[in-house]
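Once you have looked at the hints, place chain B on chain A.
Residue numbers (full-length UniProt numbering), protein chains in the order written: chain A, 1 to 368; chain B, 1 to 368.
Each hint should be verified, as a subset may be incorrect.
Which residues of chain B face chain A? A few of them, derived with a C-beta cut under 7 Å, are [said to hold, decoys possible]:
(1) Leu22
(2) Asp45
(3) Ser48
(4) Thr188
(5) Leu239
(6) Met246
(7) Glu264
(8) Ala347
(9) Thr354
Hints listed in this document are in silico derivations from the structure and should not be mistaken for laboratory results.
Yeah, the Cβ is synthetic: ideal placement off N, Cα and C, and Gly gets one too.
Protein chains: 2
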Amino acid sequence: MSACEFESLEECLRSHLPAAELSEVSRILYGRETTKLELPACAVDAASERDFELKGYGFEAALEQLRPARRIRVGLIQHRIVLPTDAPILDQINAMHSRVGEMVEVAAMCGVNIICFQETWTMPFAFCTREKEPWTEFAESAEEGNTTRFCQELAKKYNMVVISPILEREELHNTIWNTAVVISNSGTVLGKSRKHHIPRIGDFNESTYYMEGDTGHTVFQTQFGKIAVNICYGRHHPLNWFMYSMNGAEIIFNPSATVGALSEPMWPIEATLSSESFKSEFTSGDGKKAHHDFGHFYGSSYVAAPDGSRCPGLSRTRDGLLVVEMDLNLNRQISDKWSFKMTGRYAEYAEELTKAVRHDFKPNIVKE
Amino acid sequence: MSACEFESLEECLRSHLPAAELSEVSRILYGRETTKLELPACAVDAASERDFELKGYGFEAALEQLRPARRIRVGLIQHRIVLPTDAPILDQINAMHSRVGEMVEVAAMCGVNIICFQETWTMPFAFCTREKEPWTEFAESAEEGNTTRFCQELAKKYNMVVISPILEREELHNTIWNTAVVISNSGTVLGKSRKHHIPRIGDFNESTYYMEGDTGHTVFQTQFGKIAVNICYGRHHPLNWFMYSMNGAEIIFNPSATVGALSEPMWPIEATLSSESFKSEFTSGDGKKAHHDFGHFYGSSYVAAPDGSRCPGLSRTRDGLLVVEMDLNLNRQISDKWSFKMTGRYAEYAEELTKAVRHDFKPNIVKE
Numbered sequence: 001m002s003a004c005e006f007e008s009l010e011e012c013l014r015s016h017l018p019a020a021e022l023s024e025v026s027r028i029l030y031g032r033e034t035t036k037l038e039l040p041a042c043a044v045d046a047a048s049e050r051d052f053e054l055k056g057y058g059f060e061a062a063l064e065q066l067r068p069a070r071r072i073r074v075g076l077i078q079h080r081i082v083l084p085t086d087a088p089i090l091d092q093i094n095a096m097h098s099r100v101g102e103m104v105e106v107a108a109m110c111g112v113n114i115i116c117f118q119e120t121w122t123m124p125f126a127f128c129t130r131e132k133e134p135w136t137e138f139a140e141s142a143e144e145g146n147t148t149r150f151c152q153e154l155a156k157k158y159n160m161v162v163i164s165p166i167l168e169r170e171e172l173h174n175t176i177w178n179t180a181v182v183i184s185n186s187g188t189v190l191g192k193s194r195k196h197h198i199p200r201i202g203d204f205n206e207s208t209y210y211m212e213g214d215t216g217h218t219v220f221q222t223q224f225g226k227i228a229v230n231i232c233y234g235r236h237h238p239l240n241w242f243m244y245s246m247n248g249a250e251i252i253f254n255p256s257a258t259v260g261a262l263s264e265p266m267w268p269i270e271a272t273l274s275s276e277s278f279k280s281e282f283t284s285g286d287g288k289k290a291h292h293d294f295g296h297f298y299g300s301s302y303v304a305a306p307d308g309s310r311c312p313g314l315s316r317t318r319d320g321l322l323v324v325e326m327d328l329n330l331n332r333q334i335s336d337k338w339s340f341k342m343t344g345r346y347a348e349y350a351e352e353l354t355k356a357v358r359h360d361f362k363p364n365i366v367k368e
Numbered sequence: 001m002s003a004c005e006f007e008s009l010e011e012c013l014r015s016h017l018p019a020a021e022l023s024e025v026s027r028i029l030y031g032r033e034t035t036k037l038e039l040p041a042c043a044v045d046a047a048s049e050r051d052f053e054l055k056g057y058g059f060e061a062a063l064e065q066l067r068p069a070r071r072i073r074v075g076l077i078q079h080r081i082v083l084p085t086d087a088p089i090l091d092q093i094n095a096m097h098s099r100v101g102e103m104v105e106v107a108a109m110c111g112v113n114i115i116c117f118q119e120t121w122t123m124p125f126a127f128c129t130r131e132k133e134p135w136t137e138f139a140e141s142a143e144e145g146n147t148t149r150f151c152q153e154l155a156k157k158y159n160m161v162v163i164s165p166i167l168e169r170e171e172l173h174n175t176i177w178n179t180a181v182v183i184s185n186s187g188t189v190l191g192k193s194r195k196h197h198i199p200r201i202g203d204f205n206e207s208t209y210y211m212e213g214d215t216g217h218t219v220f221q222t223q224f225g226k227i228a229v230n231i232c233y234g235r236h237h238p239l240n241w242f243m244y245s246m247n248g249a250e251i252i253f254n255p256s257a258t259v260g261a262l263s264e265p266m267w268p269i270e271a272t273l274s275s276e277s278f279k280s281e282f283t284s285g286d287g288k289k290a291h292h293d294f295g296h297f298y299g300s301s302y303v304a305a306p307d308g309s310r311c312p313g314l315s316r317t318r319d320g321l322l323v324v325e326m327d328l329n330l331n332r333q334i335s336d337k338w339s340f341k342m343t344g345r346y347a348e349y350a351e352e353l354t355k356a357v358r359h360d361f362k363p364n365i366v367k368e
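Isolated chain A (complex conformation) (with noise of 0.2 Å):
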């Protein structure tokens, strides 16, 4: 079997194992269950029409006394490319508007709020060929490029806040970065987040093409809640996670293109650890070798509450769309719980690490 057929961990798990067995493999791979949410016939008929997986699960909170619960929904979209990579430009996109509009579509029959695309989703990720053309004429404007528009109008016709990963050309001084663009679900452009940290590695010389992002840990309020975008490599970084955690996030979006030899390993679990909010993780699928042949996009999205549980992921080699239900004050009630914030001994690092980026920085090493 290669990794390209596999469909995916969850299933084989759940074809093979007793169901005993399941049960508890289930509970430590990925934590309290979530519960599987009722999805409306006509999006599961739409889906599949469409040729698109469509998955729902809810994460449950406690009923609290002085707060109401914050119940919202989030969707996670996965695909593959539409057009060959040869294709024009404007085609390639156009199909890809086309592609994620109809999903986008299903999203709002399941009563979605806040969508996600994957990592600049209107292009091959092509920024393992070291070529700059054609790939940089996908880049658009942020504020007012085609993109943005087309999804203004998807965030004010299903009334959805919409973050939109592309690949961004600043017109003013001709600079290109790896952005999401926010919007809300009135149309506004809310802002942008820029790729934080940039891959060096294997084939993956994203600094090729743009630099770290200058947007910082920007967290953005919108009618559903406070959320962030970290995009794709900053999930090895939890400073990253950390940061958009202090600012006050409660979801953290992580768009990811990555393939299965790299980073698989890591995947089904960075998005799990201690930050106190949501996070949502997920790449392109793509059951097909890329243009270059450089690995298979592994798909594979999911979410992970702030308790380190997690729901199943989306299949490995099919588009697919995500609808997660979050009560938004399990943030609090688990920080309540874990009290990890309040262990954290955050002044002490900050000076710890403060030293330590400096040149005279004397490591702490007792010798015989």
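Positioned in the frame of chain A, the structure of chain B alone reads:
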């Protein structure tokens, strides 16, 4: 099936999954495959006679041209208590010395260079009882206590670095600490590392007994490598792993005592994320309910490599010794491959964190 009967995740997967699927599942859950270590027959026989599990794995590193391989063997011991918790204290301690002593002898047969015992290994993990007596009577001097002397003898006899996590009494101030004593293979006490983060969760408010450690992120330079000890709950704080690594640790040990309902879903993964050091997590194995029925201590000791791959865990229910061979050159190789420290933007995080802990901190939140 109850959580106490479930032997281990790895055993369950191995016995139910077809070979091709098992290989994919293992790749996703554990990363690059570890090799099985050939252990001497005398050690295998002794472990069997003495009724504990013995497993050995190896992490491979590439051969380099300019540095010789730095292959060493690490041993982790997990065990239940020996005598009932109401037996005379000295008898309990001596029985534990004797049990661990016979396990260390087997570790020596296996060529172990550095051995680590479990958290407060000489006593029942009673810190959820809130009773001061008789538990505080188990506390000993880190420098001159019986247990340290016992470990110094082991260290000299077997030419082994011994990490001995105990309940420490500092005579001068009559303060109690949760402390790992690090003893050189020469028998010298190199120093100590006190538990840096103290839980206040569920039954475990350990600050009833001891407070946050004051030894910072000390790293110990031994003949076999630079090591650090991150005790128990500190594993939930990514900054804690990180600062040991920033101080040069090549292996970070995480002796832990924790129960299934609380933390088991986090356990298999916490040591696997990106600090570019080897990390060893382990807890006490105890198939029986603890004396006040506060849950199942789930063993499951394992070692993770700096690339996030990890070896299978020991049993959830049996005493055990895990022997892991590692080439410490892998740390720098993975560092060169992934460049986490170079792409980490730590100077900026030092500034951000310094601001974030101030009372006048204004989080970076964008509103419509």
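Check each numbered hint from earlier against the structure, then list the numbers of those it violates in ascending order.
-> Failing hints, ascending: 1, 2, 3.
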